[in-house]
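Start from chain A and add chain B according to the hints.
Residue numbers (my numbering), protein chains in the order written: chain A, 1 to 416; chain B, 1 to 430.
Please keep in mind that the hints were generated in silico from the structure rather than gathered at the bench.
Computed from a predicted structure; not experimentally measured.
You may find that some hints are simply not true.
[Stated by the list, open to error] Think about it this way: if two alpha-carbon atoms lie no more than 16 Å apart in a straight line, the pair counts; the simulated EDC-like pairs of lysine to aspartate or glutamate are: (1) A:K237 / B:E269; (2) B:K38 / B:D54; (3) A:K394 / A:D54; (4) B:K317 / B:E336; (5) A:K237 / B:E216; (6) A:K237 / B:D396; (7) A:K237 / B:E217; (8) A:K227 / B:D168; (9) A:K237 / B:D277.
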Amino acid sequence: MAAPASNLRINADRLWDSIHEIAKIGPGVRSGSNRQTLTDADGEGRKLFQRWCDEAGLTMGVDQMGTMFARREGTNPDALPVYVGSHLDTQPTGGRYDGVLGVLGGLELVRTLNDLNVKTKHPIVVVNWTNEEGTRFAPAMLASGVFAGVIDQDWAYERKDAEGKTFGDELKRIGWRGEEEVGARKMHAFFELHIEQGPILEAEDKLIGVVTHGQGLRWIQCTVTGKESHTGSTPMKMRRNAGRGLAQITELVHEIAMSKQPNAVGAIGHIDVYPNSRNIIPGKVVFTVDFRSHVLETLTGMVDRLLAEAPKLCQALGVEFEAEIVGQFDPPAFDETCVKAVRSAAERLGYPHRDIVSGAGHDACWVNRVAPTAMVMCPCVDGLSHNEDEDISKEWAEAGANVLFHAVVETAEIVE
Amino acid sequence: MTVRSESSVWEKRLAAAPGNNIKVNGERLWESLMEMAKVGPGVKGGSNRLALTDVDRQGRDLFKSWCEAAGCTVAVDTIGSMFARRPGTDELLPPVMVGSHLDTQPTGGKYDGVLGVLSGLEIVRTLNDLGIRTKHPIEVVNWTNEEGSRFAPGTTGSSTFAGIHTQDFAYGLKDADGKTFGEELKRIGYAGDVPAGGRRPKAYFELHIEQGPILEEEGVDIGVVTHGQGQRWFEIAFTGFEGHAGSTPMPRRRDALVGAAKLVTAVNEIALKNPPDAVGTVGVLKTYPGSPNVIPGSVSMTVEFRHPVDTTLAEMKEAMSKAIETICAENKLTAEVEEVFYYAPVAFDRDCVSAVRRAAERLGYSHRDMVSGAGHDACYIARVAPTAMVFCPCVDGISHNEAEEIHPEWATAGAEVLFHAVVETAEIVE
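One chain only, chain A, in its complex shape (with noise of 0.2 Å):
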């Protein structure tokens, strides 16, 4: 059998140092992270993490996009290795957890074959993928986007940060730039372990999330155009006021979600209202609906009906509406037989789960456009997350680092 046999654990102890070792680099105002991407908390982490490897034998790699690829030989040299990881740069006000769960993880299932002696025969590669977060240079994920080749590594040089920095020039400052091309590398899979950031887990007692799906999602901008009057002199009758249609949208937007439960979620997070002031009627208003789900026909299905009603609406309060698609991006399906290995991997472990879809987007969602790829998702407090106030547990980390341990060393064959 090349599944590791129940019994084998992680060193959650080990684990749980690691994490809080690296959080002392980049610390936040009140005690999560700040260590954003390609700055200099950002290099002395990425230090910290490669002496880690080294200490653990690891040959490690750098991409052309800082990407970091630290290796464990397996016994066939032809295998095409597995890879584990997610990222090490944070929030500006970002938690402990966020990413640096999935990296250290990773270094964990390898500091713990290396224990035991466990020969696997595929080669396993932890990653840090650059730039996850997006909050300084935005996108996010973007070294994972170049590496699956839905981004082009040019513009993502180009990328400025809010100083005007670019993202080209910073990768080579901090001395991160290597040069392996993004994505030459084949991977025989890819296993991602990451804090829920949703309440999910915790309120339904969950140890383990088992991730099928990523949500899709689609981003409509809407402008709703009435006619800018005094509030005083303009009787009810002879209004035409965009804040209205933006009321009725906003409780469309929520009907439209509601009525697609549990596999959708819908909001409208971002309003302009125009000239928002207290005695003028809006004469516009600009705003961004955001819709997600995991099932494509559901998403489109949501999309189809506002556009459908929401002009409709409108045209009742005597205002204008347009829209535009302004983002979106389609749900990804999971690899079967990885996700496979992630839920035999929890029963193995005796740990309760469930099914779950990632909300939020990761690295994972990309490079699986490139590789057999799943994700493991452990609970967090109230489902706080780019929030300095994150917080898991111990138990849970350990908990979600052992079937991330199991998934990947099942995938990479323990040779006996």
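Coordinates of chain B only, in the frame set by chain A:
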């Protein structure tokens, strides 16, 4: 106020009213409007004559020269409001005042305020042309800083005259550069020595463009303004819970914008339940953190209600509070509500309003009673003197905009009604 029987007033007024053949000189009025608009022109055909700037001084100087040419004596009070007096046959009687303001918004129109002042001047000019004398003196007034764009709040001249604000308060107002009202008033040479207020005119009349769309829409020449809207302004913050727009399931959401949206609709319904004069508006809406992929954790918004009857205005506030309560309960939100402004409705003087209505009828102009949605100097003067307003239409209801427009015949109609109401009240001496 002395109680008089309606009939005796009626008879007296009829005796003192001008004949319906008496008309103002519409062409002269229009020329004066255009001449004044050359002082502090805007960039798109309107006016930029902010209070207490050099161009405001030039406008005042021009007005003063016109008044003096018409035989008036011009007095200036400590707030800079100008009173151009045409003597009555009985100088012991209180004057009938008529006017508005010559200051404008920074991108204002040529008629907002100016029409009221120059129509007052046109009354005097017409009386002179016809050699008509009135028993009561007539004073044409230019109230200082009605707009409040440079020194907020506005209506400084009229509210100080009405005793609402003190001279110290007015002098302490600062513009964006930190210059004070008092310094700037002195600088332009219009800090007069007549105490502001403390006297009671017989009546005050103000002609103003409607600044709304009703008269034009209905094809009516004259608005007989019976009330000024009472106003209540609120600032409301809904708080829910900020969450990831992708990974937070719908049933667990506490989306503050969904609550705010329901309040927008409720505010509209509350206003529609109190037709025809109630209005209700949400003008400001902001989401926090305002990111497309974050569920709004809070929304701040403004609600504004206006109604001419105080009790109805209070009922509208009550209905809003109930709606907010329901919205919070149904959407798991909390709300903070602060009332940031309250302005009591103004009911204009019955006799003065009748004088305006009668004037419109005598002259054969179509007219309707209406409520003033915007605030005016007349709303303050109404607290110390019998007051009424005349509205004329403006194109598309546009005002506070350089595109503000009226037709000469609308101005003439408004000025004629003003003339008849003022002269009737000042009593023609046969």
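The hints, checked one at a time:
no., hint, result
1, A:K237 / B:E269, "holds (12 Å)"
2, B:K38 / B:D54, "holds (13 Å)"
3, A:K394 / A:D54, "violated (25 Å)"
4, B:K317 / B:E336, "holds (14 Å)"
5, A:K237 / B:E216, "holds (15 Å)"
6, A:K237 / B:D396, "holds (14 Å)"
7, A:K237 / B:E217, "holds (12 Å)"
8, A:K227 / B:D168, "violated (40 Å)"
9, A:K237 / B:D277, "holds (11 Å)"
Violated hints for the displayed structure, listed by number in ascending order: 3 and 8.
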